[in-house]
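Undergrad: So the chains spell out like this:
There are 2 protein chains.
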Amino acid sequence: MALDDRSYEEVRTKAELAKKASKQVARLSAKERNNILLAQADALLAATDKILEANRLDVARAKEKGATSAFVDRLSLSEQRVRDMATGLVQVADLPDPLGVALRKWRLPNGLDIAQIRVPLGVVAVIYEGRPNVTVDVTGLCIKSGNAAVLRGSSDAIESNKALVDVLTEAGEAAGCPHGAIQLIHSVSRESARHLMRMTGLVDVLIPRGGAGLISTVVENSTVPVIETGIGNCHIYVDAMADLAKASKIVLNAKLQRPGVCNAVETLLVHSSVAEQFLPTICASLREAGVELRGCPRTRALVEGVAEATDEDWQTEYLDLILAIRVVDSLDEAIEHIERYGSHHSDAIVTQDYDAARRFADEVDSAAVYVNASTRFTDGFEWGFGAEIGISTQKLHARGPMALPELTTGKYVVLGDGQVRG
Amino acid sequence: MALDDRSYEEVRTKAELAKKASKQVARLSAKERNNILLAQADALLAATDKILEANRLDVARAKEKGATSAFVDRLSLSEQRVRDMATGLVQVADLPDPLGVALRKWRLPNGLDIAQIRVPLGVVAVIYEGRPNVTVDVTGLCIKSGNAAVLRGSSDAIESNKALVDVLTEAGEAAGCPHGAIQLIHSVSRESARHLMRMTGLVDVLIPRGGAGLISTVVENSTVPVIETGIGNCHIYVDAMADLAKASKIVLNAKLQRPGVCNAVETLLVHSSVAEQFLPTICASLREAGVELRGCPRTRALVEGVAEATDEDWQTEYLDLILAIRVVDSLDEAIEHIERYGSHHSDAIVTQDYDAARRFADEVDSAAVYVNASTRFTDGFEWGFGAEIGISTQKLHARGPMALPELTTGKYVVLGDGQVRG
Numbered sequence: 301m302a303l304d305d306r307s308y309e310e311v312r313t314k315a316e317l318a319k320k321a322s323k324q325v326a327r328l329s330a331k332e333r334n335n336i337l338l339a340q341a342d343a344l345l346a347a348t349d350k351i352l353e354a355n356r357l358d359v360a361r362a363k364e365k366g367a368t369s370a371f372v373d374r375l376s377l378s379e380q381r382v383r384d385m386a387t388g389l390v391q392v393a394d395l396p397d398p399l400g401v402a403l404r405k406w407r408l409p410n411g412l413d414i415a416q417i418r419v420p421l422g423v424v425a426v427i428y429e430g431r432p433n434v435t436v437d438v439t440g441l442c443i444k445s446g447n448a449a450v451l452r453g454s455s456d457a458i459e460s461n462k463a464l465v466d467v468l469t470e471a472g473e474a475a476g477c478p479h480g481a482i483q484l485i486h487s488v489s490r491e492s493a494r495h496l497m498r499m500t501g502l503v504d505v506l507i508p509r510g511g512a513g514l515i516s517t518v519v520e521n522s523t524v525p526v527i528e529t530g531i532g533n534c535h536i537y538v539d540a541m542a543d544l545a546k547a548s549k550i551v552l553n554a555k556l557q558r559p560g561v562c563n564a565v566e567t568l569l570v571h572s573s574v575a576e577q578f579l580p581t582i583c584a585s586l587r588e589a590g591v592e593l594r595g596c597p598r599t600r601a602l603v604e605g606v607a608e609a610t611d612e613d614w615q616t617e618y619l620d621l622i623l624a625i626r627v628v629d630s631l632d633e634a635i636e637h638i639e640r641y642g643s644h645h646s647d648a649i650v651t652q653d654y655d656a657a658r659r660f661a662d663e664v665d666s667a668a669v670y671v672n673a674s675t676r677f678t679d680g681f682e683w684g685f686g687a688e689i690g691i692s693t694q695k696l697h698a699r700g701p702m703a704l705p706e707l708t709t710g711k712y713v714v715l716g717d718g719q720v721r722g
Numbered sequence: 301m302a303l304d305d306r307s308y309e310e311v312r313t314k315a316e317l318a319k320k321a322s323k324q325v326a327r328l329s330a331k332e333r334n335n336i337l338l339a340q341a342d343a344l345l346a347a348t349d350k351i352l353e354a355n356r357l358d359v360a361r362a363k364e365k366g367a368t369s370a371f372v373d374r375l376s377l378s379e380q381r382v383r384d385m386a387t388g389l390v391q392v393a394d395l396p397d398p399l400g401v402a403l404r405k406w407r408l409p410n411g412l413d414i415a416q417i418r419v420p421l422g423v424v425a426v427i428y429e430g431r432p433n434v435t436v437d438v439t440g441l442c443i444k445s446g447n448a449a450v451l452r453g454s455s456d457a458i459e460s461n462k463a464l465v466d467v468l469t470e471a472g473e474a475a476g477c478p479h480g481a482i483q484l485i486h487s488v489s490r491e492s493a494r495h496l497m498r499m500t501g502l503v504d505v506l507i508p509r510g511g512a513g514l515i516s517t518v519v520e521n522s523t524v525p526v527i528e529t530g531i532g533n534c535h536i537y538v539d540a541m542a543d544l545a546k547a548s549k550i551v552l553n554a555k556l557q558r559p560g561v562c563n564a565v566e567t568l569l570v571h572s573s574v575a576e577q578f579l580p581t582i583c584a585s586l587r588e589a590g591v592e593l594r595g596c597p598r599t600r601a602l603v604e605g606v607a608e609a610t611d612e613d614w615q616t617e618y619l620d621l622i623l624a625i626r627v628v629d630s631l632d633e634a635i636e637h638i639e640r641y642g643s644h645h646s647d648a649i650v651t652q653d654y655d656a657a658r659r660f661a662d663e664v665d666s667a668a669v670y671v672n673a674s675t676r677f678t679d680g681f682e683w684g685f686g687a688e689i690g691i692s693t694q695k696l697h698a699r700g701p702m703a704l705p706e707l708t709t710g711k712y713v714v715l716g717d718g719q720v721r722g
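If you read the protein sequences in the order shown, they are chains A and B. Mapping to our numbering: the first sequence position 220 is 520, numbers consecutive. Mapping to our numbering: the second sequence position 234 is 534, numbers consecutive.
Read the hints as simulated data drawn from the structure, not as lab findings. Careful, some of the hints might be misleading.
The list cannot tell twin chains apart, which means a pair is met if one copy fits it or any two copies do.
What the hints assert, rightly or not - DSSO-like mimics (lysine-lysine), calculated; alpha carbons at most 30 Å apart, straight line:
id : residue 1 : residue 2
1  : Lys365    : Lys546
2  : Lys350    : Lys546
3  : Lys405    : Lys363
4  : Lys546    : Lys405
5  : Lys462    : Lys549
6  : Lys331    : Lys365
7  : Lys405    : Lys549
8  : Lys363    : Lys549
9  : Lys549    : Lys365
10 : Lys462    : Lys350
Bear in mind that the values here come from a model prediction, so they are computed numbers and not experimental data.
Just need the whole structure built from these sequences, with the hints factored in.
TA: Put into structure tokens, the structure is as follows:
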């Protein structure tokens with residue numbers, strides 16, 4: 301039997317088990333679901349040594365392969381990080397129950413009562429990269445929202461993920477979690493990911509969490525419903541009427557506070573009437589903080605030593621200490637640039653002009669549009685959702701930060717006493 | 301240049317034009333959008349002769365090819381049907397505006413104001429079969445909801461569709477509709493449909509309206525977001541505690557009132573404790589109305605001359621005067637059957653038992669679950685939505701009848717005065 305077939309069997313079997321378990325998870329009460337999360341949090345703390353031991357195997361392998369220190373950092377667990385994962389589960393348990401709410405309810409003239417009730421999606425599958433904490437976060441959010449989870453992590457984190465899922469499963473089942481509700485795919489080949497993308501009828505939604513390559517592979521190959529997440533080629537436009545002190549503070553925050561994440565700014569657009577005043581100062585501050593600058597010809601004429609920005613730069617999510625800069629002659633030109641090159645994630649205008657603020661908010665077609673604030677705020681925790689399973693950059697179902705309600709769907713329940721259609 | 305390439309060019313060009321126009325449609329006021337629909341309604345009436353002339357070409361071609369009378373009926377227009385299409389546009393114009401509403405709005409402790417605003421999806425593409433009225437319905441719903449439309453109808457209706465889109469475009473643009481907002485694909489090959497399924501970044505949602513073959517081709521091949529519609533393998537379960545008079549009325553209505561549509565019943569499940577009393581009578585009534593019956597062995601033992609139902613029967617959406625019948629021993633068995641063979645569209649229980657009603661409503665995983673009412677009610681008009689672009693059988697974004705709100709998405713607008721993330 302080919303490797304391909306073996307991974308198909310594993311994915312198929314686990315997706316079927318998850319589907320079966322999902323019916324039972326959906327029927328647990330909120331209290332039962334919360335108790336599972338609390339038991340899992342305790343078990344993670346109790347199993348810290350076992351988890352760290354497994355994680356050391358992954359980290360050693362990554363180092364042998366010459367992984368970057370940023371990569372190793374994301375992969376590495378510590379006592380503190382295990383505690384953080386456990387705390388995360390407790391926090392999710394404390395959130396309001398998203399299920400059972402009537403989204404709308406009305407009575408027809410013929411006496412039929414119609415209610416649209418919030419219910420779990422069923423089976424939520426996630427394909428993700430080398431961060432073991434995602435394993436725990438996704439499991440907690442899925443169980444809390446009444447779903448079963450199918451986890452396809454990266455080969456780099458496989459030992460850590462196995463150890464975590466063992467602990468979560470054992471403690472969860474002891475606390476009443478239906479058998480099969482948490483499935484980890486052990487074959488971490490490309491094939492297993494592709495099989496998961498085609499489990500139509502078994503996987504209700506597939507959420508890819510990772511880089512542009514993973515997202516586009518999933519969009520290209522999936523037959524199951526997908527929610528695209530995370531690519532953030534974010535812009536800040538400093539308008540002719542900007543408060544330049546605010547602009548400076550916002551640009552520095554959006555580039556420097558955490559450059560490796562999706563809501564960091566990647567391109568700065570500056571109106572030509574303030575470029576001469578704004579660019580030399582902001583560029584000096586950015587360089588001082590270690591940012592490499594790439595600019596259009598007008599930027600390069602104003603600031604010495606800026607490399608030439610190519611069309612590829614405008615399209616790139618650097619996730620690094622690099623910033624592209626372009627001088628534009630109007631709000632229209634700024635909006636056009638964002639619509640052409642952006643990823644519809646988070647984009648900001650800095651302006652004191654009421655009309656410019658309103659037009660930017662209306663016309664920029666992104667999940668989050670900011671006026672006079674840092675793009676870094678696009679985040680389920682910052683916005684008070686209490687959790688986040690990803691940031692959707694698509695328009696169907698969920699757009700922007702996704703938390704518990706985005707892991708549910710509506711179902712119409714219609715109660716009658718013998719009505720038929722005339 | 302191959303035919304394939306020509307249709308690619310057409311689809312690509314029209315999708316790009318629609319995308320460009322969609323930005324302008326989104327900025328029209330509700331009054332402007334309504335005026336376009338009213339002008340289009342008037343123009344349809346004024347162009348009745350031209351439309352009927354074009355339709356005669358389609359109908360003649362269909363008859364030459366030996367199409368069934370049901371097919372020819374769906375394809376045929378008449379003065380009355382043109383009037384109905386115009387009335388439909390006026391009714392949609394009269395519906396409340398779905399745009400601009402804040403779905404939620406809150407202020408963060410740091411002073412940021414966040415609002416989730418309802419905005420258009422952008423470009424809505426629809427692939428559909430030989431009903432010319434869909435051309436008008438979809439155009440009206442798209443313009444009303446601030447979207448541009450890309451229409452890929454069937455070759456059977458191409459002359460009718462061209463005439464309709466000519467009228468809608470000319471009258472629409474004269475009333476202020478942005479140029480390019482209504483795009484009809486003239487190449488009606490399979491290739492043009494496949495190209496449309498892959499216009500990632502240009503098509504914001506693709507809705508297939510048609511039979512099982514079309515839906516599965518779209519799900520299999522699309523890279524753009526899809527909403528699955530319409531396959532309805534619907535069930536009625538007559539419980540041990542059913543009021544059999546109600547059951548009889550509901551079953552006859554759900555099978556006979558309009559057998560060719562997705563919310564008609566296809567399989568009847570009957571609890572064994574009432575089968576002997578219920579089945580002979582209902583089967584006699586169904587047969588009298590011309591219904592062909594296919595049953596499980598226990599059904600066949602109770603009612604003479606019923607053909608044997610195969611596994612394929614349980615899976616089939618007949619859309620015809622055929623009914624599959626199965627005797628089950630419990631509510632669990634009924635739910636299991638529905639979950640295994642159903643299409644998660646509309647399923648009903650007939651019972652006077654409170655617990656059975658509650659369990660059926662909770663555990664059957666369908667877009668609409670009925671207690672003591674006909675499945676035929678699943679319909680945007682019946683439910684008071686005033687319009688319908690299809691009935692979704694998937695769980696993401698929209699589930700059940702889809703009207704104007706389902707053609708929109710949320711967008712977060714965040715207003716600050718210089719906030720940065722700490």
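Undergrad: For each hint, tell me whether it holds in the structure or not.
TA: Checked hints:
1. Lys365 - Lys546: neither (44 Å within a copy, 70 Å between copies)
2. Lys350 - Lys546: Neither. Shortest intra-copy (48 Å) and inter-copy (61 Å) distances fail the 30 Å Cα cut-off.
3. Lys405 - Lys363: Classified as neither: same-chain Cα gap 57 Å, cross-chain 47 Å, threshold 30 Å.
4. Lys546 - Lys405: between (46 Å within a copy, 24 Å between copies)
5. Lys462 - Lys549: Neither way: Lys462 and Lys549 sit 43 Å apart in one copy and 55 Å across, limit 30 Å.
6. Lys331 - Lys365: neither (45 Å within a copy, 63 Å between copies)
7. Lys405 - Lys549: For Lys405 and Lys549, the Cα distance is within 30 Å only across copies (26 Å; inside one copy 47 Å).
8. Lys363 - Lys549: So Lys363 and Lys549 fail the 30 Å test inside a copy (37 Å) and across (71 Å) alike.
9. Lys549 - Lys365: neither (40 Å within a copy, 71 Å between copies)
10. Lys462 - Lys350: within (11 Å within a copy, 68 Å between copies)
In this structure, the earlier hints numbered 1, 2, 3, 5, 6, 8, 9 are contradicted, and the remaining ones agree with it.
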